[in-house]
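**Q** Listed here are the chains, written in short residue letters.
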Amino acid sequence: MKHQIRFTVNGDEYSLAVDPWRTLNEVLREDLGLTGTKLGCGTGDCGACAVLVDDKSVSSCLTLAVSIDGKSVRTVEGLAPSGEELHPIQEAFIKTGAIQCGFCTSGMEMAALQLLNNNPAPTEREIRAGLSGHLCRCTGYNQIVEAVALAGANMRGSQGEEVE
Amino acid sequence: MKRFDMIGRDVPRVDAEAKARGSAIYTDDMKLPGMLYGRLLRSPLPHARIVHIDTSKAAALTGVRRIITAEDTPKIKYGNWRLVPETQDEYPLAVDKVRFIGDEVAAVAATDKDIAEEALQLIHVEYEELPAIYDVDASTKEGAPIIHDYCPTNISVNRKIKYGDVERGFAESDYVREDTFNVQSVSHAYLEPCSTMAQVDLDGRITLWTSTQTPYIVQCLLASTLGMRENDIRIVKPYIGGGFGGKMELRAWEFSAALLAKLTGRPVKFTLSREEEFLAGRRRHPMKIHSKVGFKKDGSLVAKDLKILLDGGAYNAMGPTATFLCGNFGAMLYRYPNYRFHGQHVYTNKPPASAMRGFGAPQSLYATEIQMNIAAEELGMDPVDIRLKNAQVSGDEIPDVATISSCGFIESIQAVAEMSQWKEKRKNLKPGQGIGIGCYSFISGGVFNWFNTQYPFSAAEVRAFSDGTVHLLTMASDIGQGSDTVLKQILAEELGLEMEDIRITSADTAMTPQADLGSWGSRVTLMAGNAVIDAARKIKKELFGAVSARFNLNVIHELECKNGRVQSKAKADYGLSFGEAVAMVQKANRGEPLVRRGSYTPRDKGLVTPAFGFGAQVAEVEVDSETGKVEVKHMWTAHDCGTVINPRSVEGQLAGSIQMGLGYALSERFVMDGGTTLTTDFADYKMPMAMDMPPSEVVHVDTYEPEGPMGAKECGEGLASPTAPAISDAVYHATGYRCKDLPITPEKILKDKEQKKK
Amino acid sequence: MRMPKFEYYSPTTVAEALSLLEGKGAAAHVIAGGTDIIVKMTHGRMNADALIALERIDGLNAIRFDASKGLTIGATARLAEVASHPDIRSHYPSVVEAVLCMATVEVRNMGTVAGNLCNAAPSADTAPPLITLGADVTLVGPKGERKLSLDQFFKGPSLTVMEQGEIMTAINVPPPGPNSGSSYKRISARCGVDIAAVGVGTTAVFDGEACSEVRIVLGAVAPIPLRATQTEDLLRGQKWTEELISKAGDQAMNEAKPISDVRATQEYRKAMVAVLTRRTLEEARDRAGQR
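Residue numbers (the numbering used here), protein chains in the order written: chain A, 1 to 164; chain B, 1001 to 1758; chain C, 2001 to 2291.
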């Protein structure tokens, strides 16, 4: 039996009928066309599928879509809706060279967002711990860690506007 | 030192914003109207004859549009080594026999993924199981089961290299030692699982969007296996989530998507699961390496005899190249007056090994470097000094391989020793702490034309417009390493333009000039870069002519493209904006657009590579004496990649290499039970995470490679080699455990300690 | 890799959940964070016709601490909430250690302690520290509510004493006693988050120079989290010496019954039980001193 669910993604409201066995990852990518969220493993081990649900980052591959009823989801597309200025996290990822193949990027950015929301000035160790479970095969992580630190500094610098 | 405007600058990558926004489209992100979902049925047995396949139940399932087995295909073998057709040993779908667990047997196209998956379970395959073999020793024994009928020895490639007189060399040596090394298989573990989508147009021509490093190779091999003409196949490379050598062949899902699209008239997409990637995906060759080296008392090398057995798994894949290259790499780094190599590529009933970052070098150089350290100790020398004594230098000739042109190897060793405070630390570290060194050399693309292409190795087309912009078209494939950015930087430098002035179309076989062999072997910057320069210079010739005519310049005037202008070097007033100059050329040619082709094929550079990169790395570790756990505290790297085109990209390549090398040294491996891969997820395939990465410092040694674009050569792939030996040597320094059997596990360290107690 | 089809229910009270569970019978399964269940189901290692989600049951996610009564962790409290809870951080550091090393940030935001226990993996990281702290679990079923020592909860890999129709609603941990200290340490291939190859949890109470009470639980070295009772006997009432600690390590090693698998061999696991037992004992001692 399909379940009727209502939820928001990046502020937009959706009402969908979903089979209970479908994951949030499938619904985002296939039904809503929000393909910025990736699927890297399907077992919650790689982090490429991370999105925020009610401001907490979760593995969308392990989240049943039906459980999202009434909740708010934020994906990479919601960091800076197309055409708008980039989010400081995105800017920092670009500037530091933290992006190579880009497949881990959206998950990394969402992890960075949750981390910086909870801890605006993380130490390097805290950043590395905050990215645990996010695998990257290209960068060796160092430039990603640098990007998160830079984003944190920039977000602190422009407090009031961008910090959520 | 040459001065550049665009080269050596941290230009942001051209694809970074799209990737940061999540708007970059990868293959699995795409969907076409009416698209079907494909899934592959894989063999559950390591070695078996296919007696019968019954697809009737599956075909009857609602939503299933078509099922194919080998019977529906032209049964044409393929393989990347077209030059030697007998090495082409693989069918897109298994014919008569399966040879590893995961071998593709049938493919389904259905209206949704779940139905396709359900259909797989309804296909009944009757197998007659055959005896299987899982290691090179068993496989090469007399009477071993034969995996491919054409190859009764199970040894599919024999490669020999010989120069000097090895036996005399050993006789003249003061110190000779022999060691056997075993190195394990590891996964590319690119984050994007393989994905492909095929569409057939009304004329029956196929367009395939696919996650590949080599669109041209896929085009040619797809055409040959389908019995079609190459020009009837168009391969488009969308954004790719990494490859590292694992996406450089035609694969069963690409073939199946194309054939199913043809048979159903609907687009078909296949996307692999991570489990399939681990279970049946390509991997790095495990090798059994026997190395004998001879030295004089003073530490100078006299001879080396290297024998390598490569465990190739069930098919050749890129194994022949790996067999050739591990022999070539065995002769690199140091001067061996006498050298002999025998490499054998051996079939086993395991998933095929293939190309992976380093392409034979990480294995071969692990043996070289560990043996160098052993020899240093036994000859009473410092590992740094023995390397400096034997290091290759510019001008060294390696018989049958190449003459080394630019070479910053000695400088790299010296720089890394200084940065890491090698001499002090080697003497003064506390028990449990250690420091070790590993070095590498690597190719900047290959010369040997195993694919037997009839086209230039790399090509570029530059279209210049009177609005001051240009359009660069190239088949070179950006798979995440950043080649689109680097090629634009090279073109911008050559034409005096800004990055924003250049539009790029890359890796579409129907739109970009023939050809490019793909992204592997660190070939793109050098080869595609040179093709871009070639095209740009032809454009410049036209522009210079126009400006020269317009200002009536003396023929001795030198002209340049700089800051968006085409002008006299001596008197910038004698010049036009780039767009005005293009307009003049166009006018002079009565409207004909200014378009030029460039290409690059290495000439007169031997059979291996046009240029070598070099480097040295030092690792500092701390080993927990009770648990055997190794913590890498710091890494230092000094390397010679010629001119650094994009520093951030080079540093990113380096850090990524360290991550892979760290995994290779300490944690990554496929755990096998016979032919079954047990490590099928990222929970058990232990790839290093952000917390595992050591702090790292790097120095780029300043050299200029005459054959490279703007003096550049290989970077990032060679660095896959030194990390494991550096860590291994550091672990030896810390604990006395000399690892000849990667990976270095805590258990091995503790066992060694136990044995030494006894 | 295909998710089987199932029905999904999202009750808002425990009573409703129980009646759903009863109605659906053995084919129904309770789901909290889902991080284990979804992986098992997509990989064909588990099947259920109905999933009953506890997430929306009011109050089931509560974490309560009272210095005299101790700690209660509701069944749907997320691992992240447990790890960041100030009272848990200050009074039960070994639980925090277990939670932080066992799962990624995302999984901690989804998964629960109750789920980790009910999944009953031999390597479940929260089990050893909680057992040593004397935790019990509240199980509610058709026959009513019962409390059961966590020590008695596990029966084998993926097997517990929970009966058909029962739901774990809370984990209760007594207040840490005076002069007591706890520690959890584990070995895994990577520095950060990883699956444990071996884990040891220890809680000890000290009376001057002697150890008056001690519990040691070994993870991933037996079909269930294993109480090292003979090691505890060896330590109890004895004067705390280096020699004693060393003996305790050897004894724990003898009690462990590990297997070899992709994560480690039997021999290495045994050897590491000795090392981790010693190290957790020492840390427990240090922490007791700080209290």
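Hints listed in this document are in silico derivations from the structure and should not be mistaken for laboratory results. Worth double-checking, as some hints may not be accurate.
What the hints assert, rightly or not - Capping the alpha-carbon separation at 20 Å, the derived lysine to any residue pairs in SDA-like fashion look like this:
{"id": "1", "chain 1": "B", "residue 1": "1541", "chain 2": "B", "residue 2": "1511"}
{"id": "2", "chain 1": "C", "residue 1": "2005", "chain 2": "A", "residue 2": "95"}
{"id": "3", "chain 1": "A", "residue 1": "95", "chain 2": "B", "residue 2": "1017"}
{"id": "4", "chain 1": "C", "residue 1": "2270", "chain 2": "C", "residue 2": "2240"}
{"id": "5", "chain 1": "B", "residue 1": "1751", "chain 2": "C", "residue 2": "2262"}
{"id": "6", "chain 1": "A", "residue 1": "95", "chain 2": "B", "residue 2": "1499"}
{"id": "7", "chain 1": "B", "residue 1": "1751", "chain 2": "C", "residue 2": "2270"}
{"id": "8", "chain 1": "B", "residue 1": "1753", "chain 2": "C", "residue 2": "2005"}
{"id": "9", "chain 1": "B", "residue 1": "1031", "chain 2": "A", "residue 2": "31"}
{"id": "10", "chain 1": "B", "residue 1": "1748", "chain 2": "C", "residue 2": "2261"}
**Q** If a hint holds in the structure, say so; if it does not, say that too.
**A** Evaluated hints:
1. B:1541 - B:1511: violated, 25 Å
2. C:2005 - A:95: Violated, at about 45 Å.
3. A:95 - B:1017: holds, 10 Å
4. C:2270 - C:2240: violated, 23 Å
5. B:1751 - C:2262: holds, 18 Å
6. A:95 - B:1499: holds, 16 Å
7. B:1751 - C:2270: With Cα atoms ~13 Å apart, residue 1751 (chain B) and residue 2270 (chain C) stay inside 20 Å; holds.
8. B:1753 - C:2005: violated, 53 Å
9. B:1031 - A:31: holds, 11 Å
10. B:1748 - C:2261: Status holds; Cα separation ~16 Å.
Going through the hint list in order, the structure does not satisfy hints 1, 2, 4, 8.
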